[in-house]
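> The primary structure of each chain is shown beneath.
Protein chains: 2
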Amino acid sequence: MTEATEARPHHRHLEQARSQIIELLNRQSVEREWMARSTQAGGKPDVVAALITRQQQAALETRLSQFHPSDIAFVLESLPPEARQAAWRLVRPERRGAVLLEAANAVCAGLVQNMPLEEIISAVRPLASQDIADVLSELPEELRQQVLERLDRGDQAEVRSALSFPDGSVGAVMAMDFLSVREDTTLEAVHRLLRRQKQLPPHTSEIIVVDRAGALRGVLALERLLLQEPETLVHEVMTPNATYFYTDDPVKDAVASFEKYGLISAPVVSLHQQVVGRITVDTVLDEVRQRADSESLRQVGLSEDEDLFAPVLPSAKNRWPWLGLNLLTAFAASRVIGAFEEVIVQLVALAALMPIVASIGGNTGNQTVALVIRGLALNQLGPSQLRAMLRKEFAVASVNGLMWGGALGLATLLIYQQWALALVIAAAVLLNLWAAAAGGVFIPLTLQRFGRDPVMGSSVLLTALTDSMGFFIFLGLAAIFLV
Amino acid sequence: MTEATEARPHHRHLEQARSQIIELLNRQSVEREWMARSTQAGGKPDVVAALITRQQQAALETRLSQFHPSDIAFVLESLPPEARQAAWRLVRPERRGAVLLEAANAVCAGLVQNMPLEEIISAVRPLASQDIADVLSELPEELRQQVLERLDRGDQAEVRSALSFPDGSVGAVMAMDFLSVREDTTLEAVHRLLRRQKQLPPHTSEIIVVDRAGALRGVLALERLLLQEPETLVHEVMTPNATYFYTDDPVKDAVASFEKYGLISAPVVSLHQQVVGRITVDTVLDEVRQRADSESLRQVGLSEDEDLFAPVLPSAKNRWPWLGLNLLTAFAASRVIGAFEEVIVQLVALAALMPIVASIGGNTGNQTVALVIRGLALNQLGPSQLRAMLRKEFAVASVNGLMWGGALGLATLLIYQQWALALVIAAAVLLNLWAAAAGGVFIPLTLQRFGRDPVMGSSVLLTALTDSMGFFIFLGLAAIFLV
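As they're listed, the protein sequences go chains A and B.
Residue 482, in numbering that gives the first Met the number 0, is where the first sequence stops; the numbers in between run on with no holes.
Residue 482, in numbering that gives the first Met the number 0, is where the second sequence stops; the numbers in between run on with no holes.
Honestly, the hints are just simulated from the structure, not real lab data.
Any given hint could be a false lead.
Stated by the list, open to error - Here chain B is said to cover these stretches of chain A; the calculated rule only asks that three of the stretch's residues, wherever they fall, bring their Cβ under 8 Å from a Cβ of chain B:
no., segment
1, 288 to 299
2, 386 to 398
Claimed, not checked - Restraint ranges, calculated between C-beta atoms of paired labels, are given here:
no., chain 1, residue 1, chain 2, residue 2, range
3, B, 227, A, 19, 34 to 40 Å
4, B, 191, A, 249, 41 to 47 Å
5, B, 191, A, 198, 45 to 51 Å
6, A, 144, B, 91, 30 to 36 Å
Note that the structure is a prediction, hence the values are computed from the model and not measured.
Virtual Cβ for every residue (Gly too), placed ideally from N, Cα, C.
Whenever a hint applies, use it, and build me the whole structure from the sequences.
In structure tokens, the structure reads:
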């Protein structure tokens, strides 16, 4: 959640200030390292240097304290681990909770795990329950329980309830602080109720209207409260058909609705239709950004937790499943070539040309995959659309196969002066593009059908197909027609 | 902009309703085609069938009219072109503007270009100026001018001004309707001013505070208006350091600020500090989504305008630059192999093994590229971070090169029973992973430095590098040590 009272100047000045402080903190950490080394090496600790460092620290602390928690989180994320820990100690204790909330998951977990239990508790205690849950969800089970036990009883119950919703559900990201009124209240009474609060919960653009049992009846926009006569009853001016969500709805459905209808906040109800919270646009924006970020990483088999400064061995391990899979498929394609070794010995030009056939198949196929994945994400691939798409992709593959196959045949003719070889490579390109079109459509669909993430597996499977098929078609045709 | 009065039930019911109507419209269009054919073929037009069709049409029209404009846009996007045109005629004229606004760019342009001028004008006239500009920006220049000339004079000026801002600037997406007050007004006076409006501009969460000259002084949250005493002066309760944007700021900077600070709306000022509009969170959400959508398409060289039903020839052309570039780089790699043909003839196993070395290099390199592109997007790659990242990527490449190179060497030994060949391939993998790490870091950085889009070109350049280097290193080592 943001703090409305923070200074938020124009972003250009801010960017400058941020870069400056990142460079300062970096330099400091290098200097400190250098001093530590010279002390170890037997040199005397330089009292003057230490004094200067202490003054610099105080100056840095003051500058950091003028930043918005989000900007402090950004600064921390931009620092290598040792400098990050040093900078973290400069953040004032009362702001640490807000900063943790804004930091990337891996960074947040790293910072918290280096803090004494007392500090963790005093950092998270001032946060709203759903925000405490957000921070705690990054911690190892044991530490999470230790922190939980030290919270106030009311917070504890709310945090436990927030933690109980599965990842990726609306319940796990909803805010639990909301204002509700009954529909037979007058606007004047609602206004009185509001004035009794010192501040409204963040992103309150509407008040939730409930019946006696706490079930959702509609929402009352703050705007109506300002524009309508005080004696009007809530149910006369509320929006009865407000978009709402169940706690177990997937967050991505909520994201789609917020985008479509331009919502600021929406009520969340339990399976018994009781209002239990609300989901706000800032949460939605975070989700969209995180999904977009992680998508390009998932395409190459990386988890989103690997940041720029992750240690070497975990980073290497992070990439193993993907590389292992890749090695396996490349090995399979290599065995296809191995089966044609006799043909290659007789016509060694085949060895030079075969990677082209495989590569162009992989590239066109991945274009089809990207279109299909977008279609799936937008929910636009029903049975009739699928047929239309398949027809179109085959037609495009035919056009491109004839054109680029022809161009490649011509180049082959110029280099190797063999008509038959030129025709074989042109035909192989066309056939491999058809295989790529079929694979490009069906691989992501099949992965999705079996509950796998098409973003993560499609490209590697498609390349396995187009490589093996490319080698097989080209060398097979060559075996039949050329030797 | 959304219409707050539309029915927005729970999204699950909506999804069902949408799928039903999409299937109905699709089936209708198939039936109509069938009827047209049987009439052409000499059969009598079946009067009963025509009557039934007309009744169905009326029923469909009624159902569509209960949908939110966004959902109608979704339905239209999910239909192939002929069915889309037929469905568009069922949308009531007074709602067409709102639907156009929500439709994807290519779909919107397609629909408008098939409409008579009169219909276009009556569709867009009820929209806000920035929304008219949004629709017009998709049209060909001539048609755009024709529509512009027929608008009311005031709208015309505002629309022209909105169209004059460059694509991707805050000015091009800002809303021009905003409420402003002076800082020496009392809250009571502000409240009176609001009541004179029947409705506030959409997503008004705060009122902009200006001085006599119209320059930005701060913002007044609606919440303050509700909670504070009526006799309070605006400047006592306004937020003076509100985040604001210049008309020529890039939209992506605004997106970053909205995300970080959880904003709902922010004032936009001209270069003379005069408030000229505001940018709202729904615009920001649309931008984030569009960028995310287009990123995965740009990675494979596609423009975002290609929808599922784009015609074949334009779709094929859309893919040409990418395929041509790919063919060129594959051809270059092929020439590297060509240079080693004599070595391959002497040891044909090289032909089967060389694609593995190239492929594993491409895969690890693309993982590095994905991390660097994310670092660039988040603005986190300053000089010191770059050094840290480079060190880390080389270390990871070394670990993975030794491990997977070793595994591949072992497999080679098992199949070909040649120690020397096994050692050569293991060394080639390690060396190519180093090349991939260097390329993965520097290719996106260099593209960005020269003002190109790293998302679009990095992967194809990296693969060109790792393919050529993979073949060169492996065959070169083989030439030295094996034959």
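> Against chain B, does the segment 386 to 398 of chain A show at least 3 residues with beta-carbon separation below 8 Å?
holds (count 6)
> Mind taking a look at whether chain B covers the segment 288 to 299 of chain A? Criterion is 3 or more residues with CB to CB distance under 8 Å.
holds (count 9)
> Does the beta carbon distance between residue 144 of chain A and residue 91 of chain B stay inside 30 to 36 Å, or does it fall outside?
Hint violated: Cβ distance 58 Å, outside 30 to 36 Å.
> Holds or violated: 34 to 40 Å for the Cβ distance of residue 227 of chain B and residue 19 of chain A?
With Cβ atoms ~38 Å apart, the hint holds.
> Is it true that the C-beta distance of residue 191 of chain B to residue 249 of chain A lies inside 41 to 47 Å, as the hint says?
holds, 45 Å
> Within 45 to 51 Å: is that where the Cβ-Cβ distance between residue 191 of chain B and residue 198 of chain A falls?
Given about 24 Å between the Cβ atoms, the range is violated.
When the structure is compared with the earlier hints, violations turn up for hints 5, 6 and for no others.
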